[in-house]
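Number of protein chains: 2
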Amino acid sequence: MAAIRFGNLSVFTARSSLKDKTWLSMSVKHTCAMKAGQGTNGQIRSKVLAIDSMNPHVKKIEYAVRGPIVIRAGELEKELQQGEKKKFNSILRANIGDCHATGQEPLIFLRQVLALCLYPQLMQDSSFPEDAKQRASRFLSACGGNSIGAYSDSAGVSVVREDIAKYISERDGIPADPENIYLGTGASEGIRNVLKLMMTSLEGNERAGVMIPIPQYPLYTATLSEYNAYPINYYLDESSNWSLSVEELKRSMTEARPHCKPKAICVINPGNPTGQVLTRKNIEDIIKFAHEENLFILADEVYQHNVYAEGSEFHSFKKVMMEMGSPYSEMELASFMSTSKGYMGECGLRGGYVELVNLDPDVIVQFRKALSAKLCCAVTGQAAMNVIVNPPKPGEPSYELFEQQKNTVLNQLKEKGKMMSDMFNSIDGITCNPVQGAMYAFPKIDIPKKAVEAAQAKGIAADALYCFNLLEETGMCVVPGSGFGQREGTWHFRTTILPPVQQMKEMLSKFGDFHSKFMDTYS
Amino acid sequence: MAAIRFGNLSVFTARSSLKDKTWLSMSVKHTCAMKAGQGTNGQIRSKVLAIDSMNPHVKKIEYAVRGPIVIRAGELEKELQQGEKKKFNSILRANIGDCHATGQEPLIFLRQVLALCLYPQLMQDSSFPEDAKQRASRFLSACGGNSIGAYSDSAGVSVVREDIAKYISERDGIPADPENIYLGTGASEGIRNVLKLMMTSLEGNERAGVMIPIPQYPLYTATLSEYNAYPINYYLDESSNWSLSVEELKRSMTEARPHCKPKAICVINPGNPTGQVLTRKNIEDIIKFAHEENLFILADEVYQHNVYAEGSEFHSFKKVMMEMGSPYSEMELASFMSTSKGYMGECGLRGGYVELVNLDPDVIVQFRKALSAKLCCAVTGQAAMNVIVNPPKPGEPSYELFEQQKNTVLNQLKEKGKMMSDMFNSIDGITCNPVQGAMYAFPKIDIPKKAVEAAQAKGIAADALYCFNLLEETGMCVVPGSGFGQREGTWHFRTTILPPVQQMKEMLSKFGDFHSKFMDTYS
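So the sequences go chain by chain: A and B. Sequential numbering from 1 applies to the first sequence in full-length UniProt numbering. Sequential numbering from 1 applies to the second sequence in full-length UniProt numbering.
Since the hints were derived computationally from the structure, they do not count as laboratory data. All residues carry an ideal CB built from backbone N, CA and C; glycine is no exception. Be aware that one or more of the hints could be misleading.
Unchecked claim - Sample of chain A residues with no beta-carbon within 12 angstroms of chain B, all distances over it, derived:
1. 85
2. 199
3. 332
4. 393
5. 403
Said to hold, decoys possible - Straight-line Cα separation of at most 30 angstroms, DSBU-like style, residue types lysine-lysine; simulated pairs:
6. A:281 with B:319
7. A:196 with A:250
8. A:406 with B:133
9. B:166 with A:78
10. B:250 with B:444
As the list claims (entries may be wrong) - Sample of chain A residues facing chain B (criterion: CB under 7 angstroms; computed from the structure):
11. 50
12. 54
13. 55
14. 58
15. 63
16. 101
17. 111
18. 119
19. 145
20. 149
21. 347
22. 350
23. 369
With the rest of the complex left out, here is chain A (with noise of 0.2 angstroms):
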């Protein structure tokens, strides 16, 4: 059996009912081989590109959110589709924070600003509220030719950088200024713009190193790898609700010295897969930490719609670094925030911005540049944001019914999430801390010692063979904990709480069977 690796890490490589090939070799095969005169004898003339003459940064990056198991889900969609039987009738992707395509029905309003934008002959159209049609005239007015068809500025459209601005100084009660504000596709492309900064070519102890928490959101992980960085892992600690503690930060960094130089923390907060909410007091002694280390602060603040727990609430590092004052309020810190997440959950939008503070002028010419040579990001998505920075206010005609759609999701939401903690502690061998915030559970498993030698036969994690295991007796698609990291010895996974409650109770039901039954083949 050929081990596929997508990397150097192996995380999970193939699948339990495996034959004579691999899954992906022969999903690989389907895609691209045989297609322009190679035999089927395995004879495979020299290539210009190859695997051992590739950019080598590329094939160090890892990416589980949509890695094997989920490619392996899509086969198993299409095999359902083909009238195959299984033992389920569908797959429940629980593998990605895809809030529509769970069945979440899109803002009314959102949608309608966008129609107006794209087709502006509905302006004409007396069923469309008069709000809805002031934002896109507002929108298309600072649009090329008024059309949302036009490049944009490569920071953003500049009537929402100003709605960002205003967003964010009415959150936090701080002043922001539009010219800090850069759209993005996604959170996404902000976060490997800005890490792309960081990066050099050197090695040794001159190599940039970037602290992340493990468990972590993979694209830190990947860009890193991208960009030859160093990545200096600080664990959060389970056993306090995943919280971020200083020694911990200090530990890492202190053994991650003689083989970088650090330049930036990340902290995703609410945490991605972990669910947390930071208190207030962490965020400051985070601040104090970073400054005292001289680093730049990411902060993944994607989710800040999204918390749920009583008494949590959402600080922005911003807030608590300005008003922590002098000199934590001079410090570079760079704050990203998406149309994909909170209660919109407009993910293929592709919306999003990062808020740059305190950054070297010079620098900021540098970024404005490397933005340029892309041109924009989607006007699309930028108008879909300009709508959640400045959605329906009271006495508008559609902030009723925006008030409703936006509640009704959070607190559905609030409601899986407690449903799913609760249902995974009611198992023996699997303990998760509650779903403060975010989209995620993130259960620890305790796999038996046999369960875990069989997967190191295939060569794979031992959470992976159990996600495969559950994906092939379920439907169930989940993301195994190692594609995030987590500490040696302790097993995991992440699931979305996005299904709807009525799926969602069925199953968590079959995955209390499927449990059981796995525990006691390798027990």
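With chain A fixed as given, assemble chain B onto it according to the hints.
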């Protein structure tokens, strides 16, 4: 006077009417300094990220299409809005192929489909034609949860990939496979993603080398800078209508070989900024050369609909390569397309795709994995691309209007291209090749020695001096040839052929006056 440099090349760094500060440092101060406790006396506390500690490869990026002259144009525009008196009443942005910004009307059918995708409630609206509804329904049926707000597969929405393959098959009479198609944020992202595969962090004669045309579209040099690859410049022959000679390819290769490991050749056809359309014979020669030298071919074919000259015809590299048979038909090729150009000009929607032909299956696995870490490109841009590759057919309700809009745009571009080159050629000291295709004229200007010296004294290129002056005197914003590359001692600028006919006539008349005055000043 502080010189602002955008990297290693000094392209244009100041304007003629400079006082005690450069315009660029002024605008940067405006954007980001003095925001958080920094003194105004020039004392800036040390930053984590400074010009000396940031990514050196990002510093080397150049992108003139949105460079200092364009930033200055934005400033002038604001000043006009604030009521300042100038020698002109508006800025004519001929610097960028931004069709809608210069008044081109969006295709009604395309916008109807998009409005339907975003706001499916419009499916009940009888004013929307059935073919638009059918396209939208088909597209949404392939989206997660039937919503354009769901993430797509990282490669793109399945039906779009299928329709693109069908479009390519029909265009070339050669089969295309949907599995080889990857959607992206415009063509730019695809170009970056494919070039990225070639790069290594190796130096000396192991450093990756990529052949690019000079003059070129600066995305190529920008990307090569960012990934520290070696640009192998081959010069297009201005004296024979910017044709591409194999002798020149060989010369550039011979010169480059000690400095890099050549991996790929980029060809832009129809040409940007040069507007030539390659003959089939020329393409065959390039393919043979690439085969001899074992090069991967990147064919930038985003202007495939923009061919105007009698006797010129678009031939895709894929078609020619396949028709040449083995071994050429087995070569590795990436062909790029966009929704931004053509007759649709939907730049802001950022739709694009790449077709990858004959790639090593292992490399494809890596390519897909790297894509997946970016999640997906904007699904709205994918929907726009779907319309372009599957437009209304004869007999469908929108067919006639669509064809009429399409032909109007293409006929006007043809007319304006001719008008522009004729006018330039009527001026003493300016010569301009015919605009066979694409959207630009790239005239050569004989700049007097005194002007070259004046520019040198300011630390800028002579054509940058010319273009800054043109902007300040007439409001016309064009891009100096030095931003695209040109033979040493020659000077050019690129202007789009997009402005409406009447506006273009006025512009060309003002241009003649400016040119005479410039020549007088420096003769």
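message = So, against the hints stated earlier in the document, which numbers end up violated here?
response = 2, 3, 6
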